[in-house]
Structures are given as C-alpha cells and as structure tokens.
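Protein chains in written order, with numbering that gives the first Met the number 0: chain E, 0 to 226; chain L, 0 to 226; chain Z, 0 to 254.
Rather than coming from a laboratory, the hints here were simulated on the basis of the structure.
Heads up, the beta-carbon is just placed ideally off N, CA and C, and yes, glycines get one too.
Be aware that a few hints might be false.
[As the list claims (entries may be wrong)] FRET-style restraints, in silico, Cβ to Cβ: (1) L:Gly116 with E:Pro122: 42 to 48 Å; (2) E:Gly124 with L:Ala24: 45 to 51 Å; (3) E:Glu87 with L:Leu149: 54 to 60 Å.
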Amino acid sequence: MFGLEGYSSAIFTGLQQTLLVGLLAMLLACTIGVFGALAKTSSNKLLRVVASFYTATIRGIPELILLLLIFYGVPTLVQDVFAGFDVEVIIDLNPFVAGVVTLGFIYGAFSVEVFRGAFGQVPAGQIEAAKAMGMRPWVVFYRILFPQALRYSIPGLSNVWMLLIKATALISVIQLDEVMRMTKIAANATQKPFTAYLFAALLFLGITLVSMMLQKYLENKYTRGYR
Amino acid sequence: MSWHVIWDNAAWLLEGFWVTIQLTASAVSIGLFIALILSLLTLSTHRFYRWPAEAITFFFRGTPLLVQLFLVYHGSGQFRHELDAIGLWSYFREAYFCAVFVLALNTAAYSSEIFTGAIRSVDKNQIEAGRAVGMTSFILYRRIILPQALRIAWTGYSNEIIFIMQATSLVSIITVLDLTGVAGRIISKTFAIYEVYIAIALLYLVITYTMVFIFSRIEKRLNRHKA
Amino acid sequence: MKKIISVLCILSALCFSVNTLAGDKIKLGTEGAYAPFNSIDAKGKLVGFDIEIGEALCAAMEAECEWVTSDWDGIIPALLAKKFDAIIASMSITEERKQKIAFTQKYYTSPVKFARMKGSSFEITPDKLKGKYIAVQSSTVTENFVRATFPKAKIKAYKSQEEANLDFLAGRVDVIAADSFVLYDFLDSKQGKQAEAVGPDFDDVKYLGEGIGIGVRKGNSELVNKLNAAIKKIREDGTYQKINNKYFKFDVYGS
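Model the full structure from these sequences, guided by the hints.
Shown next, in the form of structure tokens:
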C-alpha cells in the first residue's frame, strides 16, 4: 500500500503511540497550567517567583535540547551527584515516559499563560460575591472560577495542543516508536524517503484538521449560552 | 563531572553559535519576504491567488518542522535526476541550503498568518479616506496599511522570530553543525552529556532573552506616539 | 562501602527502577540501523547477526535478555546511564572507548572498504580524494580512520549508516566508507546495485582496533567474564558457525 512495501502499517502503529504520548502530555500540560496559573496569581511571593522562573526558563530553551537533557542528561547527572556520596542510584526513564514528561513540562509553561489569561477574564465581582456568600477558596475555584475559565481557555489550549502534537515528532530522536521513527525506518528500508515523509506529513495534516474541527465544535458548544 | 570540556571546546561551540545565528538571520529575512507575498495573496479577493497561498500556509503550519526538513533533505534525493535536469540539484545537495529553505518557508507560513490578521485589523475608514484623497494601492499600503499593521503584528512576529531561532536546533539532525550539532559531536567524543547540554541550554537562554530585550525596545519605539 | 539504594516509584508514571541484581534480566543495547548486523524489519522487529549472536550468548549464559535500541551517538552514554547492561552493536574495541567502558573479547572482525557509484571514476588515495565528499557514520572507527588517512577530503559524518547510504545514493557525497560487511550488504540490496566497491581492504589496527566486541560498564567484570565464556562456548558448539553461515559466505570471526 502507498508504495511503501508494507511499512505503511508500521507507520499506522506509530500513529497510536503519537496520539497516546500527545494526549498524556496534554493532560500533564493542562494540570501544570492550572497550578502554574494559580501560583502566578497567588499572593505568595515564593510561588510567584517559582512559577515565573519555570515559564521563563522553559520558553527560553529549544524543545530538542530539553528532551535530550531530560532523557540522556538527567539520569547521568543524578548518578554522578549520588556517586559523590558513594550511593548508587539508577534512573531508568523509558522513551515514552521521558517524552510525556518533557512535552508536558514544555507545553505546561505555555498553558500557564493560557489559564492565567482565562482566570483574568472571569469577572472579579463574581469571585467577591462567592466569597461574600461564605464559599471557601477551593469551592470558589471549582464552582466559579474554573468552569468559566475553561471556556475562555479553549482557543489558547487548542493552540497548545496543535504545537504539542507536532512536537511529538521530536521524540523519534530518543527512539520511541511513534510516527516519525516508523517513517524513518520505512524511508531507509524502502529508499523512498519522499514518499515516506509525505505520508507522515499527510497523517499530521489529518490530525491538524480533526483538531481544528474539534476546536470549532467545542467553542460552539461552550459559548452557546452567551450569544 | 567534567565542566572543563566546555572550556576545552569553547572555540568549536562558538562556531556552532555563529551557524545558529546565521541560520536564524537568513531564515527570518527570506521568510519575511515570502510571508509578505503570502499575506497579499491570501488577502486577494481572487480565489486563484488565494487558494495556493492558503494551501502552503496550511501545509507548513499543519505538519512538524522535522517532517518538513526530512521531506526536503532526504526526499529531494528521490528526485535527484529531475532536480539535476533543471539545475537545482547543486542547491538541494547542500544540507545547509535545505535547512534555510525549510526554515524560511516554515516561518513564512506562521508570519503570514500574523501579517494577514494585522492588515485585516487596520481601520477600514482610514483606507477609504486614503482612497478618497486619491492614493494608489501601492501608496495606500506603504503609507497607511503597512506601518499600522507592523505595529499590530510586532508582538506576534517577534515571538515567531524567537520560535524559529529555537527551531534551528533541529537542523543538527540533517548534519548541519549548528550549536546543537556541535554539542552532539562534543558529547560523542567526551561523553560529558549533561555538562554540554546544560551549557548550550544556557547559551540558548541567553540568545532568547537578548532577543526579547531588543524586541521590547523596538516595540516601545513603534508605540512611542501613544505615550 | 558502596551502598545500593533502590528508589521506588515516586509518581505512578515516573518510575525509578530498582537496581538490577545478579540473576535478573540482562538488558542488551543495540542501534537497529546497521544491516546486516542489526536493523529493524517491516514488523518493527530487531533482526541481524548481532541480534542472533546476542540471543545465542544469552542462551549460553542461561540468562533472560531484553533488547533496547539507542541512537549510535547516544549508545555509550546510555550504557553509562544504565539504560542497558551491554552493547551488542558491532562496536569496535578501541583505545579511545576503553577509557570509558570495558569490552569483552572480539566476536568478529571487519576491515573498512569504500564504494563509489558505477560509472564514476573516484580512486581511493589521499590525493585523488582531495576535496571530494566521503560519507561515514559519525563516532565510528571508520570516521577516525578516514579523517586521519584522507585529511584533504571533505568528510560528512552521519548519525546512522542508513542515512549515510541514503545520501550516497542521492549523490550528496562522492564515495562512502564503511565496515566491509555492511558495505557489501548494502551493495547487494536493490538500490545498492547502482554502486560498486573500490579500493583495498583497510585493516589498520591503529584506527580500527582489535575487532568488534561487546561493550560493558567498567566495574561490571562479572558480566564481561560471563560474556567471554559464552562467546567461547558458542564458538565451540557450532552455534556461532550456524549464525555466521546464515549471513555470510565466509567466517567473519577472523584469525
């Protein structure tokens, strides 16, 4: 099929890994995003500094370097540090976990800004009203702030998702069997690199198209009561 | 830990640093030119002009940069004789050319989206007023539309320049010896994994925030009439 | 005294593995882009001479083994980071590498050979290759050898042999240098038929080392001894010959 001598099914298997890594990393990124945004807007100075340091560093370093640093660098660094104390520690990060963690952390930094913007759009009067009614901070967060912020964050999060899913291609560098690595194997084995990479490109275009449609659908659904 | 590796190879790292800067500068300047053309085509009322521009933008925004690099670098080999026949092979033969080619088109696609949005948001009344006093389309663009669009687009566009600078790190995968490429070579000789990756991560941070600083100065200048 | 601590799973996803104790699974690292020694087939399975030798060695040691793939560039760092315990990836035993890792005895030997496209007339001498592009895989003995012997040539180093082959076929380089068995396997392939071997066999011990061995972390002499014994065993009981004959027409072990 597709002139790739049977390798196209291998690429499809890679697609499952790509989507799985992408979804898990997105989940992690959103979690980090919510907590990061709360930290950035909190009254605690330490929390604000930590959150700002995190977003500033992550956004200043290329994804590829972060990925290589986490996958190859951190295990050896930890090993060397502990070896100094005569203690043997082994960190065995498999490519899947390293990929999810790295992408989650990188795009978590982007989600922080998205959620911060979204929290800011919830009218302050509502929060004061809720507090006046005697709601505890946690209840205010999950009853008032979060549900509304989620709606405002859909366009921003969709952007993050589309960047993230494309960035999964980088994980091929640390040998996870996702679309890109399977395509590379196919390109080398069949010696038809253009055909193989075009096939991969079309798969990613497909993901982008579906994501765009999903975004439209969600935006329509969640702005229904507001027009 | 062997931090001396960084000093021992400082000259080599500096070479890689220059390649990174040159790649960014070439990609951004060529990309800007292509982006302006793409924007004008996208804004055209004629479907014949609009459609190809939109297709190019969609392709480069919808697929990972790594796929695009491999498609052009490895893929061009599949059409060697055809490219040779039209005299283009001597260009595509060079990894550096392929890198600039892809990076320029990639950043052009993202930038044109920013420019299109900015041009669209210029006040319609001003354009009508310009027409009314007899300005030609060219003068209208140069005097009224572009200066205002530039101001609106600047924040987005300066972010895009920083993105593409970081994205140049991927060209190391197609044998270009940029900062990341040199780092890989040093590691394979010295095995000082985290030392080298941490060092170049810091270098990228420095480049990023130097750019952020310069761009914010420019932004202030662009908006000086508002103060 | 060296303490060994085992850190358990901190987050459910982020697992720190417990230190491998004797008798546990042995993890074998390979590249998977170096036919006919180690490559990945259409089903995503590792195949090749290295893989079958590795499995025969595990059978001889009565150990349970598991394969892990790594980029060639990252394969020694990955061994040091304990992502696996031994490298069976056609790695030459060299002085440079011996400073970082330990090796077993050789399990085969192979000279370096060049190839050019049929119809081209490149000759393999330092003067004739002046200014010409030579493709090699980076961080290999072939790269060191070519850089030292052909100082006036332009050398392009690739992350994997497959990428070097691809660029050679695409005409981005003029000649390609590689381990001779790998080169002949490539020349036998459908696309490789457009090319031909050229020049002598280079087997300078100064660059090419003492043959191909299995890399193990320094200090893990227990595994080195076990692997050496296993290599001896499969050489003697005919297992090696059987695998050898499946891939090659002659004995690759050398003298």
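Could you see if the CB distance from E:Gly124 to L:Ala24 stays within 45 to 51 Å? Distance hint for E:Gly124, L:Ala24 holds at roughly 49 Å.
Falls inside 54 to 60 Å, the C-beta gap from E:Glu87 to L:Leu149? holds, 58 Å
If I claimed the Cβ atoms of L:Gly116 and E:Pro122 lie 42 to 48 Å apart, would that claim hold in this structure? Between L:Gly116 and E:Pro122, where Cβ atoms are some 27 Å apart, the hint is violated.
The structure shown violates just one earlier hint, number 1.
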